[in-house]
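**Q** Take a look at the letters that make up each chain.
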Amino acid sequence: MIRAALLATATLLASPTIAEPLRMAVTTSFENSGLAEVLLPVIAKDTGIEVQLVVVGTGQALKLGESGDVDAILVHSKSAEDAFVAAGNAPHRREIMYNDFVLVGPAGDPAAIAGTDTAIAALGAIANTESAFVSRGDDSGTHKTELALWAAADLDPAGFGKWYNAVGAGMGAALNTAAGLDAYILADRASWLNFGNKATLALLFSGDPALFNQYAFLPVSAEKHPHVRADLAETLENWLTGDVAKGLIDGYKIAGEQLFVFNAETN
Amino acid sequence: MTDILDGFTAAFYLLIGLDSDLIEISLRSLHVSLTALLFACAIAFPLGTYLAVQRFRHRRTVISVLNALMGLPPVVVGLIVYVFLSRSGPLGVLGLLFTPTAMIIAQVIIITPLIASITHQAMRDLWADYHDLLISLNATKRQRIATLIIDGRRNLLTAALAGFGRAIGEVGAIMIVGGNIDHATRVLTTAIALETGKGDFALALGLGFVLIALALLVNLSIHWLSRTESDGLW
Numbered sequence: 001m002i003r004a005a006l007l008a009t010a011t012l013l014a015s016p017t018i019a020e021p022l023r024m025a026v027t028t029s030f031e032n033s034g035l036a037e038v039l040l041p042v043i044a045k046d047t048g049i050e051v052q053l054v055v056v057g058t059g060q061a062l063k064l065g066e067s068g069d070v071d072a073i074l075v076h077s078k079s080a081e082d083a084f085v086a087a088g089n090a091p092h093r094r095e096i097m098y099n100d101f102v103l104v105g106p107a108g109d110p111a112a113i114a115g116t117d118t119a120i121a122a123l124g125a126i127a128n129t130e131s132a133f134v135s136r137g138d139d140s141g142t143h144k145t146e147l148a149l150w151a152a153a154d155l156d157p158a159g160f161g162k163w164y165n166a167v168g169a170g171m172g173a174a175l176n177t178a179a180g181l182d183a184y185i186l187a188d189r190a191s192w193l194n195f196g197n198k199a200t201l202a203l204l205f206s207g208d209p210a211l212f213n214q215y216a217f218l219p220v221s222a223e224k225h226p227h228v229r230a231d232l233a234e235t236l237e238n239w240l241t242g243d244v245a246k247g248l249i250d251g252y253k254i255a256g257e258q259l260f261v262f263n264a265e266t267n
Numbered sequence: 001m002t003d004i005l006d007g008f009t010a011a012f013y014l015l016i017g018l019d020s021d022l023i024e025i026s027l028r029s030l031h032v033s034l035t036a037l038l039f040a041c042a043i044a045f046p047l048g049t050y051l052a053v054q055r056f057r058h059r060r061t062v063i064s065v066l067n068a069l070m071g072l073p074p075v076v077v078g079l080i081v082y083v084f085l086s087r088s089g090p091l092g093v094l095g096l097l098f099t100p101t102a103m104i105i106a107q108v109i110i111i112t113p114l115i116a117s118i119t120h121q122a123m124r125d126l127w128a129d130y131h132d133l134l135i136s137l138n139a140t141k142r143q144r145i146a147t148l149i150i151d152g153r154r155n156l157l158t159a160a161l162a163g164f165g166r167a168i169g170e171v172g173a174i175m176i177v178g179g180n181i182d183h184a185t186r187v188l189t190t191a192i193a194l195e196t197g198k199g200d201f202a203l204a205l206g207l208g209f210v211l212i213a214l215a216l217l218v219n220l221s222i223h224w225l226s227r228t229e230s231d232g233l234w
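Chains A and B are the protein sequences, given in the same order. No gaps in the numbering here: position 267 of the first sequence is 267 in my numbering, and each next residue is one more. No gaps in the numbering here: position 17 of the second sequence is 17 in my numbering, and each next residue is one more.
Isolated chain A (complex conformation) (with noise of 0.2 Å):
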């Protein structure tokens, strides 16, 4: 009782009075987890920062951050995240978390990849039996992941038939779209579970480390960028790398299921 009442004193008192706005690019997988209207409460409570939320493809997560129209960004994917280090973008990319993809598809299974024992053999039967299968096609982590898996099987999408739909459209929209055509789709774990419309399609493959999708927070350059919120970027980063974030990240879950596995090296 008094414990609580002293931490409510605390969370009083330490609760600044003007909310101060960041603005991060995510990608759309991770806001349709759900995991942001969980985290960023509690950010706000615990730093005063208001995160807003610009949901782009990581594509064009990373221009924004280029033209330094966003003062940090959350993605997932690596060597795209290298290059922009590199480039000068952002002073460095801090590891977070990473969640999982899934091979969803027609739930008769007509590749049979239910029974593979890798993403990449999974993929392999799918362009076998030529089944129907959606591609996100709009250079987002997602769509990067799958390229790569295709190119780990010796495959090249450019020369696929007509089976292969590249739609260029965010997750739900891909989603939706293989939902119609009752098509095969990579999918990250958490928008799949949260994906309100799915038809006949049901998870078919999962688990292998190929598709794990770990995702890293890049504050932009205030070098290349002066007015950018570099001192927000740097108590956020603090903050999503620490134990209070760890708890909300492990202990989230979606119909008793974990999304999210936190990995950040904390200070």
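One should not assume that every hint holds.
Claimed, not checked - Part of the chain A face toward chain B, derived, beta carbon under 8 Å:
1. Arg23
2. Thr28
3. Asn32
4. Val55
5. Gly172
6. Leu175
7. His227
None of these hints come from the bench; they were simulated from the model. Each residue gets a CB set at the ideal place from its N, CA and C atoms; glycine is no exception.
Fit chain B to the given chain A structure using the hints.
**A** Frame of chain A, contents of chain B only:
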């Protein structure tokens, strides 16, 4: 079909529950589109009327261009406004990107040609009737334009409502320059796009019905306020 029924149910619950988020984004939709309409009308009414009363070289070209701009693709306008307002763009220092102001700027650009074009069409006919009278009264150009705007106000109302309709239902441009940020730049149309993306068709449709209802309400109240379609005035 069940989706549509679910949509009606969702709209109903959103409305009777006076959902605070719904009220916030609906008010923002109105704020952005009505402000854009105000600026667009301030530019388009005099411009359209001027084009009707004034003869000058290349007048036909200007009118043709204006008519063609009625079909300006919002997503392209959004992209151009984005490039200008981006921090690395020419107007970047203003820091307007991802604010309602940026959305208003984009919508003004989208609807001004439409309103000016309809204004011009209406004023051309009216000018034919008023031409001799205004010339014989030796009215100045400014007086002629003012007279036409005042006497042609019902036609201008149609032009304005067409502009409002295009603005309130627009999503391509404001998605790019507004960013659909929750509690900052999210409006009804971008929220509908977001919910569709999540596969929550019921909520998306519910918001859609709210949007249609809002557009109807604005149209009806403008008609009521300006007393059109009532006794002796039509």
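**Q** Confirm or reject each hint.
**A** Against the structure, the hints come out as follows:
At a threshold of 8 Å, the smallest CB-CB gap from Arg23 (chain A) to chain B is about 6 Å, leaving the interface hint in force. At its closest, the beta carbon of Thr28 (chain A) sits 7 Å from a beta carbon of chain B; the interface hint therefore holds under the 8 Å criterion. Annotation: interface hint on Asn32 (chain A) holds; nearest CB of chain B at approximately 6 Å, less than 8 Å. Nearest Cβ of chain B to the Cβ of Val55 (chain A): about 6 Å, under the 8 Å cut. The hint holds.
For Gly172 (chain A), the interface hint holds, the least distance from its beta-carbon to any beta-carbon of chain B being 3 Å, beneath 8 Å. A least Cβ separation of about 6 Å between Leu175 (chain A) and chain B falls short of the 8 Å threshold, and the interface hint therefore holds. At about 7 Å, the closest approach between the beta carbon of His227 (chain A) and any beta carbon in chain B falls short of 8 Å, and the interface hint on this residue holds.
In this structure, every one of the numbered hints holds.
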